[in-house]
Amino acid sequence: MKVKIAMVLRYVILILGGIIMLMPFLWMLSTSLKTQPETVKIPPIWIPKQLQFSNYIDAFKAAPFAQYFLNSVFVTTVTTVGQLFTSILAAFAFSRLNFYGKNIIFVIFLGTMMVPVEMLIIPNFVTLSKLHLVNTYAALIVPWLASFFTVFTLRQNFQSVPDQLYYAAKIDGASDWHYLWHVLVPISKSTITAVTVLQVIGSWNSFMWPLIVTNSENLRTLPVGLQAFTGDAGTNYAQLMAASTFVILPMVILYLFLQKYIIAGISKTGLKG
Amino acid sequence: MLNEKPTLKSTGKAFLYLLPMLLITVTFNIYPIIKSFMMSFYTKYDFFTDKVSKIGWDNFTYIFNDPDFHIAVKNTLIFVVGVVPLTVIISLVIALLLNRIKWLSGLFRTVYFLPFVTSTVAIAQVWHWIYNSDYGLLNYFLSLFGVNPISWLESPKYAMLSLIIMSIWKNLGFNIVLFLVGLNNINERYYQAAKIDGANSWHQFTNVTLPLLSPITFLVTINGVIGSFKAFDQIFALFNGNPGPSKSALTIVYYLYQKFYTEWKYGIAAASGVVLFFMILLVTVIQLSYSKKHVHY
Numbered sequence: 005m006k007v008k009i010a011m012v013l014r015y016v017i018l019i020l021g022g023i024i025m026l027m028p029f030l031w032m033l034s035t036s037l038k039t040q041p042e043t044v045k046i047p048p049i050w051i052p053k054q055l056q057f058s059n060y061i062d063a064f065k066a067a068p069f070a071q072y073f074l075n076s077v078f079v080t081t082v083t084t085v086g087q088l089f090t091s092i093l094a095a096f097a098f099s100r101l102n103f104y105g106k107n108i109i110f111v112i113f114l115g116t117m118m119v120p121v122e123m124l125i126i127p128n129f130v131t132l133s134k135l136h137l138v139n140t141y142a143a144l145i146v147p148w149l150a151s152f153f154t155v156f157t158l159r160q161n162f163q164s165v166p167d168q169l170y171y172a173a174k175i176d177g178a179s180d181w182h183y184l185w186h187v188l189v190p191i192s193k194s195t196i197t198a199v200t201v202l203q204v205i206g207s208w209n210s211f212m213w214p215l216i217v218t219n220s221e222n223l224r225t226l227p228v229g230l231q232a233f234t235g236d237a238g239t240n241y242a243q244l245m246a247a248s249t250f251v252i253l254p255m256v257i258l259y260l261f262l263q264k265y266i267i268a269g270i271s272k273t274g275l276k277g
Numbered sequence: 003m004l005n006e007k008p009t010l011k012s013t014g015k016a017f018l019y020l021l022p023m024l025l026i027t028v029t030f031n032i033y034p035i036i037k038s039f040m041m042s043f044y045t046k047y048d049f050f051t052d053k054v055s056k057i058g059w060d061n062f063t064y065i066f067n068d069p070d071f072h073i074a075v076k077n078t079l080i081f082v083v084g085v086v087p088l089t090v091i092i093s094l095v096i097a098l099l100l101n102r103i104k105w106l107s108g109l110f111r112t113v114y115f116l117p118f119v120t121s122t123v124a125i126a127q128v129w130h131w132i133y134n135s136d137y138g139l140l141n142y143f144l145s146l147f148g149v150n151p152i153s154w155l156e157s158p159k160y161a162m163l164s165l166i167i168m169s170i171w172k173n174l175g176f177n178i179v180l181f182l183v184g185l186n187n188i189n190e191r192y193y194q195a196a197k198i199d200g201a202n203s204w205h206q207f208t209n210v211t212l213p214l215l216s217p218i219t220f221l222v223t224i225n226g227v228i229g230s231f232k233a234f235d236q237i238f239a240l241f242n243g244n245p246g247p248s249k250s251a252l253t254i255v256y257y258l259y260q261k262f263y264t265e266w267k268y269g270i271a272a273a274s275g276v277v278l279f280f281m282i283l284l285v286t287v288i289q290l291s292y293s294k295k296h297v298h299y
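If you're matching them up, the sequences are chains A and B in order. Following my numbering, the numbering of the first sequence begins with 5 at its first residue and continues without gaps. Following my numbering, the numbering of the second sequence begins with 3 at its first residue and continues without gaps.
Please keep in mind that the hints were generated in silico from the structure rather than gathered at the bench. We put the CB at the ideal spot given by N, CA and C, even for glycine. Honestly, I wouldn't trust all of these hints.
Claimed, not checked - Derived SDA-like pairs: lysine to any residue, alpha-carbon spacing no greater than 25 Å straight-line:
1) A:LYS8 to B:ASN101
2) B:LYS37 to A:PHE153
3) A:LYS264 to B:ASN101
4) A:LYS106 to B:THR29
5) B:LYS15 to A:TRP185
As the list claims (entries may be wrong) - From chain B, some residues computed to sit far from chain A (all C-beta separations above 12 Å):
6) THR45
7) HIS72
8) SER157
9) ASN189
10) ASN209
Construct all of the structure, not just a fragment, from the sequences and the given hints.
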């Protein structure tokens with residue numbers, strides 16, 4: 005009996021907590037489908053009489069969200085692919101090759117991981133303006149084409165691959181390059197996927213940097229575009245919630261499909277700090 | 003060939019593999035770290051020509067005497083104290099509950115983790131709407147209990163609280179995942195041994211779970227403190243490009259942003275970044291030395 009009560013209590017707490025966690029999402033969806041008068045009804049209504057999908061269309065007309073979306077897709081894709089490429093190469097060198105200065109370089113990079121990126125924004129902005137890259141796609145992408153955090157995670161994974169595979173590949177006459185892309189990378193697929201998904205989410209949601217290095221409207225990514233839209237939308241909460249849904253939805257879908265990898269990625273990388 | 007000594011040839015080859023990563027990180031991570039420290043001493047600096055005509059401690063003198071910077075440091079600390087302990091405790095409780103159920107546990111985990119993948123800017127708009135003093139969901143809910151409408155975002159008294167609630171909500175899932183990993187790693191045998199010794203569930207929790215979970219608790223706390231020190235996006239978005247009413251949500255990074263981006267005072271902004279760096283360093287050192295003594299591995 006006591007066991008049963010404890011079990012029921014667990015579910016009650018988890019369900020109540022779950023409702024609180026979901027509430028903002030439901031409220032966002034609900035508001036995004038309301039008419040203007042419905043949004044300010046007290047007591048609030050959860051299901052609008054008629055679903056106003058036109059709010060989404062109106063939001064798209066009010067601000068160039070299609071352009072923002074394309075920018076976000078482009079920046080996220082190039083950043084993620086580029087970062088993965090540079091990190092895989094570097095992780096291979098750190099895990100497989102011996103070279104002078106290896107430990108020193110590694111320790112220096114570990115140290116830099118402690119430095120808050122927010123601090124680097126000022127000199128990076130100066131560097132980019134000297135290169136005449138401020139307010140270009142390059143400014144949104146280039147500084148993020150390498151991440152020591154990703155290198156570190158991949159290196160750990162590469163090191164756990166048995167040496168025998170490497171020697172077997174060598175005996176078969178494969179070059180290091182061939183071994184890396186045809187043996188090591190396919191074997192490490194799940195870690196690479198995890199790192200990739202986390203990077204996509206981070207890149208898609210990133211705000212401070214794109215806010216600082218772009219000022220023309222046609223370069224804005226979704227979060228920056230949405231923030232700018234809040235000024236125009238004013239108290240039109242239906243449209244604002246429609247736009248927010250549009251920014252949030254792609255990552256929610258990605259999460260629902262790739263949840264396994266995201267959780268695994270966080271468990272692995274998060275635990276290392 | 004890990005057992006081989008490095009040679010010039012292997013070094014050359016390795017650097018070819020490292021080159022793309024090195025090019026980017028040296029330019030955008032290593033160099034700017036050094037440059038930041040240097041810039042914090044530039045008191046006369048022409049940004050367009052990158053010419054420095056005077057250096058000194060003036061930037062630090064300025065921020066240490068700037069009331070705004072004092073507010074920023076104070077608010078940052080309040081934010082850390084408001085967010086971190088509660089996030090750790092709530093996520094530990096949820097993880098413990100999730101660990102003890104089978105049915106629907108996957109669904110619950112999905113739900114609790116959802117906020118983590120969402121854009122801070124977008125979800126802050128939703129919270130902005132929830133906090134609306136006239137038509138917001140929160141005030142309506144509170145009115146059912148006879149609470150008068152609260153100006154969550156307009157009153158300096160409540161602005162920080164609003165920010166803290168939203169941040170806890172957003173960060174829970176990440177910590178829950180880490181706690182669940184930690185709980186899974188605890189060997190069932192410890193509990194069996196404790197049961198044989200006659201320990202009740204509370205004793206099992208305090209004598210087995212908590213000590214064995216302490217490395218994770220420690221890590222989650224560090225992550226939380228460092229992350230909260232750097233709060234910016236959620237503030238900018240929740241208060242529509244303002245650091246809260248009467249600067250009630252002005253944090254160090256927000257201060258840095260203002261000095262750099264709206265006032266073009268690069269040296270002062272850099273100096274505040276250096277202060278942030280040392281604060282994070284200090285916390286890391288304190289926590290590391292504390293954990294050496296108290297965290298049970």
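Hint check results:
| no. | hint | result |
| --- | --- | --- |
| 1 | A:LYS8 to B:ASN101 | 16 Å, holds |
| 2 | B:LYS37 to A:PHE153 | 21 Å, holds |
| 3 | A:LYS264 to B:ASN101 | 17 Å, holds |
| 4 | A:LYS106 to B:THR29 | 19 Å, holds |
| 5 | B:LYS15 to A:TRP185 | 16 Å, holds |
| 6 | THR45 | 15 Å, holds |
| 7 | HIS72 | 19 Å, holds |
| 8 | SER157 | 19 Å, holds |
| 9 | ASN189 | 17 Å, holds |
| 10 | ASN209 | 19 Å, holds |
Checked against the numbered hints given earlier, this structure breaks none of them.
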